[in-house]
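Chemist: Read off the chains here:
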Amino acid sequence: MNFTTAFTPEKLQEAWDIIQRDFLTETWATVYVTLLSTLFAIVIGLPLGCVLVMGDAKGIRPLPAPLMKFLNVLINFLRSVPFLILIVMVIPLTRLIVGTSVGTVASIVPLVVAAFPFVARLVEGSLREVSPNVIETAQSMGATPMQILLHVMLPESVPSLITNFTLAITTILGYTAMSGAIGGGGIGKTAITIGYQRYRYAVLYACVIVLVILVQLFQTIGTWLARKSDKRLKQ
Amino acid sequence: MIELINLSKSFVTAAGEVDALRGVTLTINDGDIYGIIGMSGAGKSTLVRCINMLERPTSGDVRLNGVSLTGLSEAELRQVRRRVTMIFQGFNLLMQRNCLQNIMLPLKLAGSVSKEDAEKRALQLLEMVGLPDKAKAYPAQLSGGQQQRIAIARALATEPEVLLCDEATSALDPKTTHQILELIREINRRLGITVIVITHQMSVVQEICNRVAILENGAVAEEGEVSRVFTDPQAHATQTLVYPELADGSAAFGTDASARQRIRLIFNGSEAASEPLLSRMAIDAGLLASVHTASMRSVGGKVYGYMLLEIPGGPNDVARAVEYLRKQPQVTVQTLSAQYTSQGGAQ
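Chains as they are written, first to last, in this note's numbering: chain X, 1 to 235; chain S, 1 to 347.
Next up, chain X with everything else stripped away, as it sits in the complex:
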């Protein structure tokens, strides 16, 4: 990278043209891919996290040990594959679901596959924070395991779940930059393909600024929601 030639007036003018042309659509692509991927990851990860806690040998509805072992190994496996490799690994699945393995929509599949085990672990952590005394109290009222989950464990861990889902969003946002590798759109792709591969360093930095703003935005909203939902803090 040569800074003396990267930020000449002509280069900056060119960068500004690219920004005006691409940034709105690419930022939008990043936002919707991130939100959709997070949504699907929660749809799969939330129930899975519940199963991990409830089905544990010491849980309130123990499930067969081999099943629990399988789920844990699967989650650990998916979490240990680097995202870039995972994208390639799930190409057949992506084709099956989306019909193609390239493009912005296609990039959602590997994102979800990478994120749902992460979300499951986060949900597991949130639910395990619920006081065992409160769970015992529910049992003493004659609650079924399912009622304990729905009426006690999930409502009690809402603030913690919001905090953890915010963490998931920001992590998935980071992953979207890599999905440019299979033609997924977004501000990360712009940074790599235009900013880095075509030496428009000013564009690269502009992309980074947009990403930073997005992370700040998600984090601020998430923190605010978590705090607002937490009745322990209301005085």
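Check before you lean on any hint, since a few could be wrong.
[As the list claims (entries may be wrong)] In silico BS3-like pairs for lysine-lysine, Cα to Cα no more than 25 angstroms straight-line:
no., chain 1, residue 1, chain 2, residue 2
1, S, Lys115, S, Lys136
2, X, Lys231, S, Lys115
3, X, Lys231, S, Lys120
4, X, Lys228, S, Lys136
5, X, Lys231, S, Lys302
6, S, Lys136, X, Lys231
7, S, Lys108, S, Lys120
8, S, Lys175, S, Lys327
[Said to hold, decoys possible] Okay, the calculated bits of chain X under chain S, using three or more residues with CB under 8 angstroms as the criterion:
no., segment
9, 37 to 49
10, 74 to 80
11, 150 to 158
12, 223 to 232
Calculated from the structure, these hints are not laboratory results. Note that the Cβ used here is the ideal one computed from N, Cα and C, for glycine as well.
Starting from the structure of chain X, add chain S where the hints point.
Modeler: Relative to the frame of chain X, chain S by itself:
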């Protein structure tokens, strides 16, 4: 009526098998406020959880109105748990739900009443526990005593026959403890609910229970009417709880040179403590006595407690004082030379 029949429970821990309960047999009659007291680790918490089968006993049986609970399925036990409800040391309210929602929870779980009826009942219960204005408040906004009141209201929502109190006042200050015990007593009287009180505090038993069982190492050391147990604590565990100061037998007399001049007077529930006993002894027998330590309490209008007296003068005076005091009704006299025995109060 609740019958515990030869109840045993053992846990397998890393340190090996632990017997939490060893053959506990108790009968709790309808309308009782029954105290189960013991030091920590005596097995009280396990015992109370066996009554509603949160812990399944290893052997023995629990019978509720003649029905054996050990033979019931989980689904049947869930029904039983609506009739045998529980309050806890830590209150255990849902912190993300307001008071009304907390009280309605058992009804919601039972699914037996409409939302409107559940709300109506919850509001009545709020009134009953003295917090009618806290319906929309969250537990975090309440004091410990108020939280326990909400927990009591919640426990009463399904109109139970039995209320189990697991160290329900142990996290509260003495004044709040008194108020909560008053409330429990009122519930017992007004609704005729049988109450089982698990505690390590003798003062709690003294204040509200009519019967008590003393648990030691997972077994019942002593059982009976509270007034009887206070009058004449038989088991060492009971003596330790009733008179913690006397717990270590002969050491209670002191270890200094004048220990042999000391007499322990035990008041077994009478008007003795309100009489000028020592002044009368001075007049009648010409014997002086100074009070070394004393602890008195009133149970059901009668006085229980002890005094450690020191008799100046020689062994003769001590012997005469013992002789004089033994003639008094409902007073037990002990001396160091009489060899304190740990099992059964020696005379």
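Chemist: The structure should be examined with respect to each hint, and the outcome stated for every one.
Modeler: Hints versus structure:
{"no.": "1", "hint": "Lys115/S x Lys136/S", "in the structure": "16 angstroms, holds"}
{"no.": "2", "hint": "Lys231/X x Lys115/S", "in the structure": "23 angstroms, holds"}
{"no.": "3", "hint": "Lys231/X x Lys120/S", "in the structure": "24 angstroms, holds"}
{"no.": "4", "hint": "Lys228/X x Lys136/S", "in the structure": "16 angstroms, holds"}
{"no.": "5", "hint": "Lys231/X x Lys302/S", "in the structure": "48 angstroms, violated"}
{"no.": "6", "hint": "Lys136/S x Lys231/X", "in the structure": "11 angstroms, holds"}
{"no.": "7", "hint": "Lys108/S x Lys120/S", "in the structure": "13 angstroms, holds"}
{"no.": "8", "hint": "Lys175/S x Lys327/S", "in the structure": "39 angstroms, violated"}
{"no.": "9", "hint": "37 to 49", "in the structure": "violated (count 0)"}
{"no.": "10", "hint": "74 to 80", "in the structure": "violated (count 0)"}
{"no.": "11", "hint": "150 to 158", "in the structure": "holds (count 5)"}
{"no.": "12", "hint": "223 to 232", "in the structure": "holds (count 4)"}
In this structure, the hints that do not hold are numbers 5, 8, 9 and 10, in rising order.
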